[in-house]
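Participant: Residue strings, one per chain:
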Amino acid sequence: MFTIRCPYCGERDQSEFSNGGEAHVARPKDPEQISDREWSEYVFIRANPKGIYYERWVHTHGCKKWFNAVRNTSTDEILKVYKMGEAPPPLKGFKNTIKTPSGEPDVGSGNFSVKKP
Amino acid sequence: MTESKIYFKFDGKKYAGNQGDTIAAALLRNNVRLIGRSFKYHRPRGIYTCGIEEPNALVQIINEHNEPNVRATVKKIYEGMIVKSQNRWPSLKTDLGSINNILSPIFSAGFYYKTFMGPKGFWKNVYEPLIRRTAGLGKPPKEFKSKSIHQHHNVDIIIVGGGLSGLLAARKFAGTNYDVLMVEREDALGGVLKNADKIKSINDQPKDEWLEKTERLIRNSSNIKILKNTLVTTYNFSDHLIALEDKNVGKPQDNEKPELVLHKIRTKHTILANGHIERFITFRNNDLPGVMLAASFEKYLNRYGVVPDESPVIFTNNSSTYSLLKSLTDLGHKPKAYVDIRDQKNIEKETIDLLEKFNIPFYPKSEIEGCEGQKEVKKVSIRTKKNQISKIKTSMLCVSGGFNPDIHLFTQSKGLLKWDKEHLTFKPDRIFQKTITLGSVSGNFSYEKLLVEVENKLSEFEGLNELEVKFELNGPGKFQIKELWETKHEKKSLWSKSFIDLQNDVTTKDLRQAVNEGFNRIEHLKRFTTNSMGTDQGKISSINALGIVSKILKKDISEVGTTTYRPPYSPVNFSAIAGRSTYEFYDPERKTPLHSWHVKQNAVFENVGQWKRPWYFKKSEDETMHQAVQREAEQVRKAAGILDGSTLGKIEIKGKDALTFVNLMYTNSFTKMKPKTGRYALMLGEDGMVKDDGIVCKINDQHFIVTTTTGNAASVLAHMEEYAQTEWPNLNVYMNSITEQFATFNLSGPKSRVIMSRVFNDIDFSNDQFPFMSFNNFKYLDTEIRILRASFTGELGYEIYVPPSHALKLWQKIFIYSRDFDLVPYGTETMHLLRAEKGYIIVGQDTDGTVTPLDLNLNWMIGKKKKDFIGKRSLTRTDIVRETRKQLVGLVPIDKTLGIEEGQHVIEQKDLSLPIKDPVDMLGHVTSSYFSPNLNHSVAMALIRGGKRKIGSRLFVSTENLNTIAVEVVEPNFIDPKNERMML
Ligand SMILES: [Zn+2]
Chain A
1 MFTIRCPYCG ERDQSEFSNG GEAHVARPKD PEQISDREWS EYVFIRANPK
51 GIYYERWVHT HGCKKWFNAV RNTSTDEILK VYKMGEAPPP LKGFKNTIKT
101 PSGEPDVGSG NFSVKKP
Chain B
118 MTESKIYFKF DGKKYAGNQG DTIAAALLRN NVRLIGRSFK YHRPRGIYTC
168 GIEEPNALVQ IINEHNEPNV RATVKKIYEG MIVKSQNRWP SLKTDLGSIN
218 NILSPIFSAG FYYKTFMGPK GFWKNVYEPL IRRTAGLGKP PKEFKSKSIH
268 QHHNVDIIIV GGGLSGLLAA RKFAGTNYDV LMVEREDALG GVLKNADKIK
318 SINDQPKDEW LEKTERLIRN SSNIKILKNT LVTTYNFSDH LIALEDKNVG
368 KPQDNEKPEL VLHKIRTKHT ILANGHIERF ITFRNNDLPG VMLAASFEKY
418 LNRYGVVPDE SPVIFTNNSS TYSLLKSLTD LGHKPKAYVD IRDQKNIEKE
468 TIDLLEKFNI PFYPKSEIEG CEGQKEVKKV SIRTKKNQIS KIKTSMLCVS
518 GGFNPDIHLF TQSKGLLKWD KEHLTFKPDR IFQKTITLGS VSGNFSYEKL
568 LVEVENKLSE FEGLNELEVK FELNGPGKFQ IKELWETKHE KKSLWSKSFI
618 DLQNDVTTKD LRQAVNEGFN RIEHLKRFTT NSMGTDQGKI SSINALGIVS
668 KILKKDISEV GTTTYRPPYS PVNFSAIAGR STYEFYDPER KTPLHSWHVK
718 QNAVFENVGQ WKRPWYFKKS EDETMHQAVQ REAEQVRKAA GILDGSTLGK
768 IEIKGKDALT FVNLMYTNSF TKMKPKTGRY ALMLGEDGMV KDDGIVCKIN
818 DQHFIVTTTT GNAASVLAHM EEYAQTEWPN LNVYMNSITE QFATFNLSGP
868 KSRVIMSRVF NDIDFSNDQF PFMSFNNFKY LDTEIRILRA SFTGELGYEI
918 YVPPSHALKL WQKIFIYSRD FDLVPYGTET MHLLRAEKGY IIVGQDTDGT
968 VTPLDLNLNW MIGKKKKDFI GKRSLTRTDI VRETRKQLVG LVPIDKTLGI
1018 EEGQHVIEQK DLSLPIKDPV DMLGHVTSSY FSPNLNHSVA MALIRGGKRK
1068 IGSRLFVSTE NLNTIAVEVV EPNFIDPKNE RMML
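Line order of the protein sequences matches chains A and B.
With my numbering, the residue at position 21 of the first sequence is 21, and numbering never jumps.
With my numbering, the residue at position 957 of the second sequence is 1074, and numbering never jumps.
If we strip away everything but chain A, and leave its shape as in the complex, we get (with noise of 0.2 Å):
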């Protein structure tokens, strides 16, 4: 469990909040004129990386606001935290820890606990 920096509270136990996916999905601003394809896209399809995320979230058991983040989802690193509204921060300012050709970070993914030769 991590802590998650609220930008209205403060630093939080991760229980008090709720993952609320991909960030910067905007909702068509005119969905009639949208194909199904394009509809269903927004609908149902969210990138799952491993890596640099930008997610949002809602401190659910506190001032039920929402913000976003982002996160390594490989190490749980929440690397910025910023309110709705605000532009998201270029990823190219995050030292990126993936290394390895499989997408694990050399120190901290947990799926192997020695150093690999």
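Derived from the structure by calculation, the hints contain no laboratory data.
Incorrect hints may appear among the rest.
[As the list claims (entries may be wrong)] Straight-line C-alpha distance at most 30 Å; calculated BS3-like pairs for lysine-lysine:
#1 773/B - 29/A
#2 64/A - 771/B
#3 83/A - 551/B
#4 708/B - 83/A
#5 771/B - 29/A
#6 381/B - 50/A
#7 474/B - 508/B
#8 1027/B - 65/A
#9 989/B - 65/A
#10 50/A - 574/B
#11 65/A - 984/B
#12 64/A - 708/B
#13 80/A - 381/B
#14 773/B - 64/A
#15 95/A - 474/B
#16 551/B - 92/A
#17 381/B - 64/A
#18 771/B - 83/A
#19 502/B - 609/B
#20 385/B - 95/A
#21 64/A - 989/B
#22 551/B - 29/A
#23 551/B - 80/A
#24 535/B - 95/A
#25 64/A - 1095/B
#26 729/B - 64/A
#27 984/B - 80/A
#28 1013/B - 984/B
#29 65/A - 538/B
#30 29/A - 981/B
#31 95/A - 574/B
#32 29/A - 989/B
#33 538/B - 482/B
#34 1003/B - 83/A
#35 65/A - 311/B
#36 773/B - 83/A
These figures come from a predicted structure and were not determined experimentally.
Using the hints provided, position chain B with the ligand relative to the given structure of chain A.
Facilitator: Leaving out everything else, chain B with the ligand in the frame of chain A:
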């Protein structure tokens, strides 16, 4: 010092122990060595260690709700404790299950996967009962109400382990500004200072004196809190640790106080000073009672004052056994023999001097080949440096195979390990979190280097104390070891086995067989053989297994790697995890303001979410539920009934853009709706599926009150908040839950108007003044109530919203004023029946998240002219407009005496008699079914494929005994299809 004796029972016999003894220490004091039977082979097992790493000596505490798998080496005795051995039948000494030992070929690696494949039915009838009888450990505990609690900590530093390294670290932090928590799993600080005689003095004082002074100093520092009898079990991400404290060490359980405390610790830095674990060596019959780890033997001598055996044989591959030799000879005891696999020239001088001084038989460059005995060790067999076998009579064998830094917590924290070639073990290499390792857990086995290590690793902290510590050691300061994981067998018989995992009865033969069968990855091998998968997680043996496997595979041990160390470090009681969240504290109970009235009227309650709702009211003691519901339902349609609807969710929506927002949230159009009217409304998800329904009441375009189903109140509000905050933050709108600000009464039935007119005699309830789906606020006594004319029964009906403070009085008043009108209170079951007679849906019963408004024939509720609402676009997706989707229909049995069961399949074929050759095509299922007292036959609703086109046709509904019931498919509206009654 005179010590009072403590009496306890083991397998029915009374024994005496000393204050502070563990069960194991007390049993050893009484010369009891046989403690239990092993998991698969039922071999006799004894006490192998002196701590948490114990694989064998697991017992059941009968007077603590039968608590099973308790480590006898950890649990302390108290007066009157009742302990039993485990996994033996009929008794520990004559165990019939040990036949498994002879049958062992079928119990080899992978036996669960291979042996029990067939024939059909054998698993259920033969194998499983057999395994359940003979394999396994303790019996499940009895149910009890735990008083365990959770406690939270937020600290700067946690020091895990109160041994020498932990004490030095704490000494550095004493009196500083850092908030420090020190956690020690034993009942006293000191670690090695108490367990062994390796250190003679510290700062020229006896070590005990230094320990006492240091502990006092730490204890008096206001910035350090010490938790004893507390085991850190888990090191999570984000510097979050979990520790389990035993509050009843050496005391019987007190039913009024917590027996366990689960500590949840947030820290900024973690200092791991949790030491090391001694490992064993595998040889023939290395599981016999009487085989014990050398450092554990030493701990019994030093910490408990128990001499497990006065003349054991010592077998080692390293220099650490010097101090055991010294402790024993200091007590005047003489080991039978000292067997060391190292060359004499590599064995430290101090050891050789001692052996010579006491004339102890010395076997350098030799090893233990095996040991013999029926229930305990009688003889050991030594392979000497000339490769000859020499047998010695002894009743105890002390083994040291080297030491592993206790890396469980470090690897749980996701730190990486590396192989230490000098000490032949894995040690921490790279940290992932803010972790500092000190002492033997970091791979530092030298007391001289410890001070430097502490100074260096704590140099990042400012303002710490200077350490002035000088050790004087007993014996060799430098740790020296030679590789040895197992020794070669001489004797082959079914009885002779070399164990690599004592708790799970895994032998080295199993490891070889698994590799032969292709399981050459360590994680696969672990699961196939179950090596290190016991409750001890192979603490004394898992590295040995890696050593053996690396030899079989001819690979470097670091290439083989370790298996993943997962939390918890040691089993955690479910009672501690649950804490106080059990029984009545499991979930809050919510009661309506009328609850006491319902209780007096013999309501039988139903749980709806957290709410207690009257299910039905028992009119007399012998009235059945069916009778009650039939009576209530009939009376509502004949006269009038009243339901406590206070649990309905109520959300107030306000703001300049409230109308726009409500239009987006619900399918209906609210733009042209007049103020002071309500509308039955549907809420969809973005996928077009029905999420909730309720009534939207418009006070004006800036102010709405909506109702939700009882169970969805919180999720509907969250859904609204999500869209308001994330999708349309530009809209000026605010939501508030007002569920508990009003009690709600649903009055329904042909007499309801006259009752309302009597109760509120200044209000005109005529159709003109109070039409269907209109509402108004009225002054009532010193408060205000709202009355809405609406109906969920199909009868003329009114909903009254009243502040809780006035609810009970008003409810009673209604009954007084309706004496002449036969008003009946009814519960949720009758409500469901009445709405089913009208074909009204219950979200979550007639829908399941895959049902659209079109499937429910609710097209009329969709505001087609609205540009957008949540889920609108999905309603025109090709899959949603498909005619063969499951659609809601009504079902009426052809034989009107028959009842239909909810959940049964709707099918086209009549005959279901066995054998069924072709798969039965299932059209759908029955979602709601009731016997209607008003129609005098069953009515049901069902979701069936292409249902709309099947209206008028005949289908069949399955029954639980493979019969079918013929039904006619009808429109789901069984009573008053023109809806005249509610417009009355
Ligand atoms: Zn917050």
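Participant: Hint by hint, say whether it matches the structure.
Facilitator: Okay, the hints, checked on the actual structure:
no. : hint           : in the structure
1   : 773/B - 29/A   : holds, 22 Å
2   : 64/A - 771/B   : holds, 18 Å
3   : 83/A - 551/B   : holds, 28 Å
4   : 708/B - 83/A   : violated, 38 Å
5   : 771/B - 29/A   : holds, 24 Å
6   : 381/B - 50/A   : holds, 28 Å
7   : 474/B - 508/B  : holds, 23 Å
8   : 1027/B - 65/A  : violated, 56 Å
9   : 989/B - 65/A   : holds, 26 Å
10  : 50/A - 574/B   : violated, 33 Å
11  : 65/A - 984/B   : holds, 28 Å
12  : 64/A - 708/B   : holds, 25 Å
13  : 80/A - 381/B   : holds, 25 Å
14  : 773/B - 64/A   : holds, 22 Å
15  : 95/A - 474/B   : violated, 64 Å
16  : 551/B - 92/A   : holds, 25 Å
17  : 381/B - 64/A   : holds, 24 Å
18  : 771/B - 83/A   : holds, 23 Å
19  : 502/B - 609/B  : holds, 22 Å
20  : 385/B - 95/A   : holds, 22 Å
21  : 64/A - 989/B   : holds, 27 Å
22  : 551/B - 29/A   : violated, 46 Å
23  : 551/B - 80/A   : holds, 19 Å
24  : 535/B - 95/A   : holds, 25 Å
25  : 64/A - 1095/B  : violated, 45 Å
26  : 729/B - 64/A   : holds, 27 Å
27  : 984/B - 80/A   : violated, 37 Å
28  : 1013/B - 984/B : violated, 47 Å
29  : 65/A - 538/B   : violated, 54 Å
30  : 29/A - 981/B   : holds, 18 Å
31  : 95/A - 574/B   : holds, 26 Å
32  : 29/A - 989/B   : holds, 13 Å
33  : 538/B - 482/B  : holds, 21 Å
34  : 1003/B - 83/A  : violated, 42 Å
35  : 65/A - 311/B   : violated, 54 Å
36  : 773/B - 83/A   : holds, 23 Å
Checked against the numbered hints given earlier, this structure breaks hints 4, 8, 10, 15, 22, 25, 27, 28, 29, 34 and 35; the rest are met.
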